[in-house]
Amino acid sequence: MLQEITSTDTGCLTINVGPQHPSTHGVLHLVITLSGETILRVDPHLGYIHRSIEKMCESLSYRQFIYVTSRMDYLSSHINNHGCALCVEQALQIEVPPRAQVIRVLMDELTRMASHVLWWGAMAMDVGAITPFFHAFRERELINEIMEETCGARLTMNYMVPGGVMFDLHPNFQKRVKDFIPFFKSKLDEYDELLTHNIIFKQRTQHIGVLSREDAISYGVTGPTARASGWACDVRKRVPYECYDRLRFEEVVEQAGDCYARYLVRMGEMRQSLSLVEQLIDNIPQGDFQAKTKAVLKLPKGEFYSRVETARGEFGVYIVSEGGTTPYRIKFRSPGFSNLSALDHMARGHKIGDLVAIMGSLDLVIPDIDR
Amino acid sequence: MWSIEQIIGALNQWLQHTLGNVGAAIAAYILLGIFVILFFSVLGLVLVYMERKVSAWMQVRLGPNRVGPKGLLQTLADTLKLMSKEGLTPAGADRFLFNLAPVLMIVVSMLLLAPVAFARNVQIWDLNIGVLYVSAISSVSVLAVLIAGWSSNNKYSLLGAMRSGAQIVSYELSAGFAILTVAVLSGSLQVSQIIESQQTGWWIFRGHLPVWVATVVYLIAVTAETNRAPFDLAEAESELTAGFHTEYSGMKFALFFLAEYANVFIASAIGATLFLGGWMPLHIGNWEAFNRVMDWIPSSIWFLAKTFFLIFVIMWFRWTFPRLRIDQLLELEWKYLLPIGLVNLILATAIAVLGWHF
Amino acid sequence: MTLRNYLRNIFQGLRSLWTGMRRTGYYFVHHKEIITQQYPDEPPRLAERFRGEVVMPHNESNEHRCTGCTACELACPNGTIKIITKYEVTPEGKKKKALDQFIYHLELCTLCNLCIVACPTDAIKMSQAFEHSVLDRRELIKILNKPGSRLMDGVE
Amino acid sequence: MNEPQTAVDWEAVVAHAPVPVQLISGTPWPELHVEAPNWPDLAQFLRTAPELQLDYLFCLTCVDWKTHLTMVYHLNHSRQERVVVVKSQLDRDQPQIASVAGIWRTAEFHEREVFEMFGVQFLGHPDLRLLILPEGWEGRNPLRKDYEDPVNMIRL
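Chains X, H, L and G supply the protein sequences, listed in that same order.
So for the first sequence, my numbering puts the first residue at 247; every next one is plus one.
So for the second sequence, my numbering puts the first residue at 170; every next one is plus one.
So for the third sequence, my numbering puts the first residue at 677; every next one is plus one.
So for the fourth sequence, my numbering puts the first residue at -1; every next one is plus one.
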């Protein structure tokens, strides 16, 4: 017999989007309440890949805990590691050699580009265009190969160590990056042809999921998502770390706050990252790639907080130290978690198709949310 | 030079000779049935392979290249895989309707094959309201989609089916107007006569602006009617996982899959018939030598070439564009395609009445 | 919405769609742009620093450089390495700690490279082998020092 | 972001605060210690006081000190760098504090996380349910120091 399809007295339909769903990019579980196709409420259920990294870190030494953070936001794992290394360096007052600083920034920006390129493909796939996804992977593969050559890994690099980086740059690095820059520039123009100016894409993203500046701040939304709402919140500009204060780059800010604005901000950031890499690639100072540090790191008693700008927003590392070799408590302020919290606010009143576009434009990475 | 027309004629004669009139008619129907089933199978294999290659090349990939030479047997392998898979029926599904839907879908596609003219004088049923018949029968497929979505007892399926209902019913109109444009110009609804009217030149060359517009409108409308991207809202992979056929597996899924490609083929075939002259070869004015060469190419090749060109265009749409949203889809229909189609029809009527076409 | 705007919208929309179609059409006919690597046929291009698994190089006379100091075991964040030491008697008659078994759990390893960095004698390194799939998990527990191998002379 | 950064006189802020607050300087960022019942008033003050307007709560967490819990709030201004850390001690057996989800909406999710990880009850929270942990987890708080994971592959 045909069972009655679940409906409440209000005529609302409750649907599980996820944990396995093509557009949640991982195991995110959203319980959405619909009236027809219109979304009344989005209720995220998290924790499907919660590994309690914060608890794990409490039993790892200050050299060891960095690698775990690659497993949070795996698309900007390098920047996560950077944040952790910065926090330890700040606590121990280690001076990072200039060469290491430049290498770190170069790697950060390459990571940001790789992350945004993948986001571009995934966003296109969310709104139904499949071809851009493959084109995006073509460019991402080149960045990954550059990473692999120097860091030895493609995704979870673990290249940062307190005091610098693990190895020196590979001799081929400069040449390969220089080859990559003009190639990527031409491909960015192709991206514009395929999506940016496409009328269907514009229709799907303009005026969708509008987040005002005040709401963005209140929800603690950071990164490109907040900059699309007109909030200049780039940590690289606010509290420059490493050598960002000596570099010229624009903070891409849009005012509309919709999905298309978020799209434009990320496209702009790819170009900015490219210009940062261009500025640095010929100006890598000679010298050490790592400061001299003790074999066993002991942080002084106290609390330390460092902030970096990942591809998704502000990533904070909060270490509470009791003076031992392991952190007493560690808290990762992951950008995805706060960004996700605004999803309900943004998606209400839109259609299911819009929810997918909004999630795509938020650039959610689920391990980053769950930690 | 033998043609399909002659082969069929010879076959018919031989049948009548051996079986008598009644027997020949029965045998002809049986052969026809076998032909349609075979044709569908081959069509599925060819079109799936084509789609995979087209998408692969557009996506800087190689596409299937492992099974058989150049991967030609890939779709055959896939079919075998689908056949050997278990056909699940979800708990709480309406078993009868659930099993009926894919069959209905494929039957509708098969019915649509009737008025398609494959070559000179090769047509299963040349009824005098051919294009109207296509227009009418093709809307029955929405019933299959609705049944599939409803009987699956799955909310995603239901949403997909509801979307599909709104979509197919609306786009039916625009496709109808586009078809009417040509019907007005050629003065007939019969497929063979429409083709005959393009003896001196295909409508896309002779009909100026109205036919160009009608061609574009027709292509958009049939893309929507066959549930293909960018109008694949009923399936909407990134939103509804697989929409109305989420719960189908094995051969039942294969039938939906096959029906989609069959519908694309038929829509393109009708499009080729209406705008590109069906099996009619390309003739240019008084270039006798050129026209002779064109005539030498068999009419079935002409028909298939035009049809596959249109299929390619529809695939090209799919692998380039993002998907529309349901309200935008309806907006496109009611705010753009329908008014344009109407104005276009009036224009075409004026041209037909005044005899301004070439 | 004036008729002019209406028509302009249509025209601009169609043009933007055509731009995209031209791009995919370009790739459709330019097969030299295809980037597929056919993996088992084409061997993958791996960087020399690629981290596949931890190995312990031995020289021709079956000697390794591991003194069994357990620096790697301590550096490992997730207990991948287990070192079992034994006491050997040197020719001078002294008892000396030496490596008995270097047990490496590939199934736990995250390939973070911290053990390699920690090793004072460069006894272990990363290999580029990446095809690790086996049918039984136990096969991933490896003993890195070869049977009968001993410490290279001159390594302290 | 180009407007000049203005320094905040935290001594004066503490003097003006509507509730008793203890200021601790010398740490990287100034810290305000407040009694849990006074927190909502202070939060409102920090958010609305014209010279502060700390509208950006960028980190909210809790630390288990075995004898008590400490709530830690990191606040900042959206344009100026005015970071202040607010801390409040909670009783470990009956941890209770007012929710600030009405002032900073990001607190809604962060408080839910702290609720399940540390068992802190947030009074006046709009929707205090489990967020990360599976349903029926009640009672055990994973990030407290006395929590032992029954499934632990690697013992260090």
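Please note that the accuracy of each hint is not assured.
[Claimed, not checked] In silico lysine-lysine, PhoX-like type, Cα no more than 25 Å apart, as pairs:
#	chain 1	residue 1	chain 2	residue 2
1	L	818	X	424
2	L	818	L	762
3	X	597	H	239
[Unchecked claim] Anything over 10 Å on all C-beta distances counts as not near chain X; from chain L, calculated:
#	residue
4	726
5	779
6	790
7	795
8	826
9	827
If you're looking for bench data, these hints aren't it; they were derived computationally from the structure.
Ideal Cβ placement from N, Cα and C applies to all residues, glycine included.
We went through each hint and held it up to the structure:
{"no.": "1", "hint": "L:818 / X:424", "in the structure": "violated, 41 Å"}
{"no.": "2", "hint": "L:818 / L:762", "in the structure": "holds, 18 Å"}
{"no.": "3", "hint": "X:597 / H:239", "in the structure": "violated, 43 Å"}
{"no.": "4", "hint": "726", "in the structure": "violated, 6 Å"}
{"no.": "5", "hint": "779", "in the structure": "holds, 19 Å"}
{"no.": "6", "hint": "790", "in the structure": "violated, 7 Å"}
{"no.": "7", "hint": "795", "in the structure": "holds, 12 Å"}
{"no.": "8", "hint": "826", "in the structure": "holds, 27 Å"}
{"no.": "9", "hint": "827", "in the structure": "holds, 22 Å"}
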